[in-house]
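Given chain A, work out where chains B and C with the ligands should sit, using these hints.
Heads up: the protein sequence lines correspond to chains A, B and C, in order.
Per this note's numbering, the first sequence runs over residues 1 to 365.
Per this note's numbering, the second sequence runs over residues 1 to 267.
Per this note's numbering, the third sequence runs over residues 1 to 296.
These aren't lab readings, by the way, just hints derived from the structure by calculation.
Among the hints, a few may not be true.
[Said to hold, decoys possible] Output of the computed footprint for chain A on chain C, the stretches with three or more beta carbons under 8 Å from beta carbons of chain A: (1) 85-96; (2) 108-115; (3) 205-211; (4) 224-232; (5) 266-278.
These figures come from a predicted structure and were not determined experimentally.
Glycine included, each C-beta is placed from N, C-alpha and C at the ideal position.
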Amino acid sequence: MTKLKPWISLGGIGVFAFLLLGVAPLVLTDHWINNLGKYCCWAIVAVGIGLAWGRGGMLVMGQGVFFALGAYAMAMHLTLETAGDRIPGFMVLYDPLAPLPAFWEPFRSAGFTLLAIVLLPVIVSGILGYALFKRRVKGAYFAILSQALAVALATLISSTIRQTGGDTGLSDFKYFFGFVLNDPANKLLVYLIAAGLLVVCLLAVWQLYRSRFGELLVATRDAEERVRFLGYDPANVKLVAFVASALMASIGGAMFVPIVGIITPAEIGAAASILMIAGVALGGRASLFGPALGAMAVGWGQSSLGSTWPDGWTYILGLLFIVVILFLPNGLSSLPARFAAARRSPAPPPPTPAAAAAELEGVRS
Amino acid sequence: MTDASLIVTDLHVEFSGFVAVGGVSFDAHPGEVRFLIGPNGAGKTTCIDAITGLSRATGSARLGDRELLGTPVHKIVRLGIGRTFQTASVFDELTVLQNLDIAAGRHRPWTSLLRTRRGVDPSIERALEETGLTAELATPAGILSHGQKQWLEIAMLLVQDAKVLLLDEPVAGMSQDERTATGELLQRIAAKRIVLVVEHDMDFMRRFATRVTVLHQGKVLSQGTVAEVQADPKVQEVYLGTAGAATTAAMAVVPETVAAMHQPEEN
Amino acid sequence: MHVDALIAPLLNGSAQGALLLLAALGLSLTFGQMGVINMAHGEFLMIGAFAAYLVQQVITASDLSIPVALPVAFVVAGLFGLLLEVTIIQWMYRRPLDTLLVTVGVGLILQQAALHIFPSQGVPVEKPSWLDGQLSILGYQWPFRQLFTILLASVCVAALAAWLKYTSFGRRIRATVHNRDLAETSGISTRTVDRLTFFTGSGLAGVAGVAASLIGGTNSQMGAQYIIPAFLVVAAGGIGQLKGTIVAAWAVGVALAYFAYWTTGSLAQVLAFILVIVFLQVRPQGLFTVRTRSLV
Ligand SMILES: Nc1ncnc2c1ncn2[C@@H]1O[C@H](COP(=O)(O)OP(=O)(O)O)[C@@H](O)[C@H]1O
Ligand SMILES: [Mg+2]
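So that you can see chain A by itself, here it is in the shape it has in the complex:
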């Protein structure tokens, strides 16, 4: 049974990939394909959050930062591609003679942009994680500091309207690495890339979870100090998971831009970062599929209910946090196991969350 389990999961990923890449393009309209692409982007971020928070015990409340790094890198490239030899439209608006800011220049190159999408989050999360984990900053401290970073970055972008587009963000992209974005066939292509990347990320965490590293990560989550007394430096273990989750957030952000067509500070700030957590909590933080599926569900709620019934959606979101975390700390994915346990023994065990012990330890920083 235990031997079989990883392969069942792998089969699950296969089915998921088949549905996303094979079935969806055939049965969904262009509009829904585009929406699904957007949910895939959030799901990619969520897979990373599941790795860092669910398995690693690091409550990453500021994934918007890394989402932003990928998204803005991509958006700057697409803006320049659209502008061609000229200065991007929004800059001319404020000052017709303004030169292109120096930090924009390298993003003309497609290669540099792709490299930046991968390297920027790795560098930033690497430095931040190293600094914090080595000093044993964890638990609530880590959570709030990461969120503070997201707020700071969103504020910074809002206030630098000439360089980054400010609150209006970057939009009106016409080309995506040479492809005309308006063309439905190309839109489908962009969707397929996003969905494919989601599958790749799932495969990556699947291998991580069944590897020795996955076991070590869970051990670090549950008893960090104990791991230290086995001769490991828990800071390094956490750093790897954190950097991987940042990379996924960046990839999600990068694909978000061509699919949605606009990126603004509102997509990366405190509220957006919390929304990214919501799906993971709903689906089940420590499970393989939970974060991705939960994020897609919340993404759907956000983009449909959030625009047709915004008040109600906020209440639902608030209640979701309260009800799920209070009564179902391991999310919807823990329901089957719970039912099974309930059937086996008449008195179900108390809802002890997987990470309870770890978090107790965590808060003491």
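Just chains B and C with the ligands now, kept in the frame of chain A:
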């Protein structure tokens, strides 16, 4: 032989003015089961904390010619010093095998981390047999009995290939038979390693100790063989005589363990 | 450069720091007690501000209404805090990090409810006429309003310190923070202490809300902007350390003001944040610490 010994000299540990350990010296050599005893709050756990880098201390603690004080925790472990905790702390969510596998991991190259485990290391098999946990291989550590958890901790030290085992109350909460089994296990282990046991249980100490150090209020009260220590009037006064062996043993287990379990809420 | 150009950020920053201190004071109490971040603390602050507005609807003379609003806001916000403790938080003491997320949800709901009840652009809170003047310091006209914030913060700090130090309930709180089990075994009902702490901490957020309503706008979003700076202040000050919180709040306030003076308001926020991270890098336990046993 001396260069593989653990030598602690004039160890001092202070907590914002409060002297928990005030100038403790003792040594431990391979081949003996060394006991550190003393009433609650005597500073026994703090001594181990200091040796393993958990608490900042002054003085000296050497393994061979290597100074331990001031070395980071995980590096001390890599020198071959392993410890257990007053409250058994194993990874509850992981199976016995996974627990041991992680403990064995520090001898492997880091690339092995990315691969999946295949089969069971011979060192893990040996440790399982030694501690009688072979049948529990696939059991989640969280549902082991209290005694089994403590054996698992010892097994983890064995696969870690620790040269020095510092055991903080390893038989607390065990039945009489389990205590005997543990004591015999410790004697076997001690043949090639340094074993230092912190204990309250006088009976257990009498049966298995080779040499004993008695701590009282952060200082060494007495040192020697079991017979010598028991004959020491000072020891009888503060520890054995006044309280009586039965009460000491009874009070030994309960309050500290409970307190330790609730530690997190303290700050 | 004029003297007043240099002194203005110092004075403004001190007032800003006092407001931060008011917001952080209650957070430091509840966080110190339970290791739980109440993310709805900012919304309790918002409740205090709206309470001030509602008091003004009843007592229209603003000279009088603000002094009345302070205790009212304290009690109203405190009761909300108590309700939160009794309904949700008490079930989650063993899962502090999860509590953080649950209270995020509570905060969202409170914000949305405020948006439902009050106009979305916010409500005006009349400033009492006795806050209109200025104090001339080295040529800089320092508004009484800022002085009032500092005064209010000082009174709250003094009252809290005295309460913790001299009343039996305060002693029980300190005993519980210091060693929960020992407190329990020596006959202190930690449940009652938890509730009272939560009431007081949330009530202080309400008082902060009244002060905030006199300085900025009163709307559903106002609480959200305080929670993170307030937490950073608590973290930088050291958990459960009143004097640390005071020093950290003042330092962050003044740093923000000078950064804003040299650069822009939003860049100042970014810089202040970096400052706190770097500081925590040097002193992860904050300014002042009580060393306690950290493992097992
Ligand atoms: N981190 C700490 N902070 C403050 N006091 C401590 C700390 N650790 C231990 N102590 C104190 O040091 C003394 C010795 O404790 P300990 O070593 O646990 O005793 P033992 O293990 O012998 O029962 C006790 O009075 C205890 O309260
Ligand atoms: Mg002890």
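Violations among the numbered hints, reported as their numbers in ascending order
3
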